[in-house]
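Student: Kindly produce the complete structure, drawing on both the sequences and the hints.
Below, each chain spelled out in residue letters.
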Amino acid sequence: MMSLDEWNSPMVKPQAPDSVLDRIISILDTVKRAGGTISVTELAARTGLPKSSASRLVADLTAQRYLRRTDDGVTLGLRLFELGARASLPRRFLAAAAPVMRNLRDTTGERVGLWVHQGTEMISIAAVAGRLPMLPTSAGMRSPALTTASGKAYLAFCADRGIVDRVTASLGHDVAHDFEDELARVRATVLATDRGVSYPGIVAVASPVLSAGSVVIGAISIAGPNGAIDLERVAPLVRSASTTLAHRLAAA
Amino acid sequence: MRTAEWTDTVSVLDRLTAVLEAFDRSDEGLGVSELARRANLPKSTVSRIATQLVDQRLLDREGAKLFLGVRLFELGQTVEQPRHLRRLALPVIDDLRNMTGRTVHLAMLEQDHIVIVAVARALHSSLPTARVGDRLPAVGTILGRAMRAAQEHATDGCETGDDDIACAVFGHGGAPVAAISLSGVDAAEAARVHGTLRAAAMTLGRRLKAGRTP
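Here the protein sequences come in this chain order: A and B. The first sequence begins at 429 in the numbering used here and counts up by one. The second sequence begins at 8 in the numbering used here and counts up by one.
Hints were generated in silico from the structure; no laboratory data involved. Just so it is clear, CB atoms sit at the ideal spot from N, CA and C, and this is done for glycine as well. Among the clues, some could well be false.
[Said to hold, decoys possible] Partial pick of chain B residues on the chain A-facing surface, computed with a CB cut under 7 Å:
| id | residue |
| --- | --- |
| 1 | Val-86 |
| 2 | Glu-117 |
| 3 | Pro-135 |
| 4 | Val-139 |
[Said to hold, decoys possible] Pairs of lysine to aspartate or glutamate, EDC-like flavour, derived with a Cα cap of 20 Å:
| id | chain 1 | residue 1 | chain 2 | residue 2 |
| --- | --- | --- | --- | --- |
| 5 | A | Lys-460 | B | Glu-87 |
| 6 | B | Lys-50 | B | Glu-69 |
| 7 | A | Lys-460 | A | Asp-499 |
| 8 | B | Lys-72 | A | Asp-588 |
| 9 | B | Lys-72 | B | Glu-35 |
| 10 | B | Lys-216 | B | Glu-69 |
| 11 | B | Lys-72 | B | Glu-41 |
| 12 | B | Lys-216 | A | Asp-499 |
| 13 | B | Lys-50 | B | Glu-28 |
Tutor: See below:
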């Protein structure tokens, strides 16, 4: 059984990053995915960086508190916690979304998630527990945009064609065509569904969340056990939650 | 011996830090000029860096305004010590806020500074208050002073100020690892709530010792 982290990893192993900024991000991301402490040796192996470079960067990042030294290596540092607390989009989005999410959970009984996009993935910035137990990582969890309901809801309304292209880049011609057809259906219904593709046994329904300028900033979703959710009943509830959220964001 | 690459790395990271730290508490967002002014960097440099950072979602862009990005939020959620502390403490500080009706803060100590890890706001308070993620010199806060006093074994770990009171939370080995405070309490009320606050700190200390060490 794959771990959740492996399931969420990109299929292609990334090349060793080029610019210093890319290296910094690669290191921070790798430490994050390690989920605790990681040795510099292991960090170098996973990022593809020469050990001497990794060592130097780790020393600099530690000095500036992006990383913290532990007995067995390094872990993410408090500076990231401080900066993360000041990240504005999640905070404004969350403030507007909290009551909408709770209400959606109350009316559907299912787990509700709030997602924003990054690269070819969706990041969960909040989740309200429903019937399904919370997955091991809650806020901060990543899911592939290609197959998840939240990802498809986002991509269907994303004005930036480049983002959609990046996600579909690895698909064969026919599959890509089918995917575009599906996105068109998502646009027509303002709803996206994932019937056990991303996570076997779990069905999810999502609707895009639009900001004041009609720009899609994320998605709101419900997820529950396959076969036990009445999609006809819950789908309109998800769509109306996303409309409510859009109004709240516009009013804020 | 410093090589050119070493210097490069230091300056890239310094610039990154200057840009990220230029953002403050407000939700307003910053334009490139304002960001450059606050970061004390040339506008052309900041413009170039901002594009790269937006690409990586360390910054988010909305129109002409830049904000700290969702990737920072994502990374911040994963930092172990505050996450572990929050998970154990949130029910305790929620209870404490409900019992006392006062705003509760929880902070951890990192050398000379404290970092606010959790806040349970008093329902009817409109006072501005320290927020999660704030980093403050320890000596300037009741939370920091309580932890310092506990380190020097000077008190039972509790400190009273003009309008607040804090108690240290002890972890493994009897060292203070955090502190909880109540705000907006005068001397008389501080005396009344002292026992409740200290009990909450001890509860949290027990939970920390029972769980795995972060």
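Student: Sort out which numbered hints this structure fails and list those numbers smallest first.
Tutor: Violated hints: 3 and 10; rest satisfied.
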